[in-house]
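These protein sequence lines are chains A and B, in that order.
Taken in order, the first sequence gives residues 1 to 200; the numbers are from this note's numbering.
Taken in order, the second sequence gives residues 1 to 246; the numbers are from this note's numbering.
FYI, nobody ran anything at the bench for these hints, they're computed from the structure.
Predicted model only: the values in this text are computed from it and were never measured.
Note that beta-carbon positions come from the ideal geometry of N, C-alpha and C, so glycine has one too.
One should not assume that every hint holds.
[Unchecked claim] Part of the chain B face toward chain A, derived, beta carbon under 10 Å:
{"#": "1", "residue": "Ile-10"}
{"#": "2", "residue": "Asp-29"}
{"#": "3", "residue": "Val-35"}
{"#": "4", "residue": "Leu-36"}
{"#": "5", "residue": "Pro-37"}
{"#": "6", "residue": "Ile-38"}
{"#": "7", "residue": "Ala-65"}
{"#": "8", "residue": "Ala-82"}
{"#": "9", "residue": "Ser-116"}
{"#": "10", "residue": "Arg-117"}
{"#": "11", "residue": "Asp-121"}
{"#": "12", "residue": "Pro-129"}
{"#": "13", "residue": "Val-131"}
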Amino acid sequence: MNHYIAIAGTNRQGSNNLKLVKYIQKRCSNVAAIEVMSIADLPVFYKTPDHSLPKRVVEMGERVKAADGVIISTPEYNHAVPAVLMNALEWLSYSSHPFKDQPVLIMGASYGTLGTSRAQQMLRKMLEAPELSARVMPNAEFLVGHANDAFDDQGNLADSQLADSLDRLLADFNVFVDINRDLEFKRNDALRRIQNLEKD
Amino acid sequence: MKFVAIAGSIAPDSYNRKLVEYIRRHYRDLAEIEVLPINDVPMFNEDHNVTHTPVIQNLNQKIAAADGVILATPEHDHTTTAALKSVLEWLSYQVHPFNQKPVLIVGASYFSQGTSRAQLDLRQIMEAPGVGAYVMPGDEFLLGNVREAFDDQGNLKDQRTVDFLTSVMKKFVQWVSVLSAMDVLNLAAEQEQVAADTTASASVTDEEADTDASASITTVDDANERAAEGSKDDQTADTGASASIK
Chain A
1 MNHYIAIAGT NRQGSNNLKL VKYIQKRCSN VAAIEVMSIA DLPVFYKTPD HSLPKRVVEM
61 GERVKAADGV IISTPEYNHA VPAVLMNALE WLSYSSHPFK DQPVLIMGAS YGTLGTSRAQ
121 QMLRKMLEAP ELSARVMPNA EFLVGHANDA FDDQGNLADS QLADSLDRLL ADFNVFVDIN
181 RDLEFKRNDA LRRIQNLEKD
Chain B
1 MKFVAIAGSI APDSYNRKLV EYIRRHYRDL AEIEVLPIND VPMFNEDHNV THTPVIQNLN
61 QKIAAADGVI LATPEHDHTT TAALKSVLEW LSYQVHPFNQ KPVLIVGASY FSQGTSRAQL
121 DLRQIMEAPG VGAYVMPGDE FLLGNVREAF DDQGNLKDQR TVDFLTSVMK KFVQWVSVLS
181 AMDVLNLAAE QEQVAADTTA SASVTDEEAD TDASASITTV DDANERAAEG SKDDQTADTG
241 ASASIK
């Protein structure tokens, strides 16, 4: 069974995106081993002059690298990815690049109707930047709108059609992850240029 | 004119801070510019709300009082920075000093893109409801290859770059002047309209007005608050308030 790290792009306890990743962990436990990883309580990112990383970032990076893939559920703040998630990704793309070639599945939950469409677009763009170089599952948008009403008291998605489509999405992600293992690109120019900068 | 400038990096050797410091010195005949540090701003977290502490209130008041704001953004992961986004989240959650504020976006990067992608994303963020800034359109100041751009005194070396930046700064002064004039007119018209809507749709007593979201918005500030509470996750489609957010 594939092992995935699931990240909710929040530091808020009551977050619907946290509910979503915990729900997927439970619901899809027969097709994937999913481990939820917190991104809260990291210092604000800056390029440390000696290229050192906080110990927690090193540990998070190792977990990301060791996983078969990553699932990220992002809220949307101001038409964009929340700073707390941007921050975790900045730490995980400086001096060490654990996301390189890792398959990533993007989703999100919002209060309103739009289901984090703009944040997901931005997140996709970030993950494809050379510093991250992730392999984002294409043609996949999972948008949970009206998130405050989307979960029942046990934290399950109340809409059974949405839940079924989630099952199909995870099944496709499993296929994507397996194929991705054989996909080796020879080019590394953009990331190498970044890594040369990091050596200065 | 009084501007404030923020560099979107807390690194000790930030080139974007070098850029705003240069702008502050070089254009002091155009405007008095104060550079606001963001090093002490904690990561945005609704569960640990620091809106009413001095760190955020200082930024809030200075931005609200300024005629315009200059934002210098680095580019990481093909977008703007978490450090800057966190500040913007604090300043669009329970306080909204950027509402109707003229903003200029600039940026400096190591390689040739000059923060092209970061500036587009920052523009999108600044124009979102809950932030509501008036970002100057048109010319983009993209300072690429920044490691060769400054001399030892922290001044831009290339005269053509300086000339272009000067034209951008002069346009920004004009942008601020035009918006200041419009602002007064718009705000007055808005308040009249909101008052008219409230009267037309209000029920017999004030208490009953709460059943209809638009009728219970008695001031433009209420509308902003309502949208802001939802703006941390998108809610613009749902609230009638979005139409009256400037």
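Hints, verified against the model:
1. Ile-10: holds, 5 Å
2. Asp-29: violated, 33 Å
3. Val-35: It is violated, given that the least Cβ distance between Val-35/B and chain A is near 17 Å, above 10 Å.
4. Leu-36: With Cβ-Cβ at 16 Å, over 10 Å, it is violated.
5. Pro-37: Given a least distance of 12 Å, the restraint on Pro-37/B is violated.
6. Ile-38: holds, 9 Å
7. Ala-65: violated, 22 Å
8. Ala-82: holds, 4 Å
9. Ser-116: Violated, because the Cβ-Cβ distance from Ser-116/B to chain A comes to roughly 12 Å (cut-off 10 Å).
10. Arg-117: The hint holds - Arg-117/B has a Cβ within 10 Å of chain A, the shortest such distance being about 7 Å.
11. Asp-121: holds, 6 Å
12. Pro-129: holds, 8 Å
13. Val-131: With a minimum Cβ separation of about 6 Å from chain A (threshold 10 Å), the hint on Val-131/B holds.
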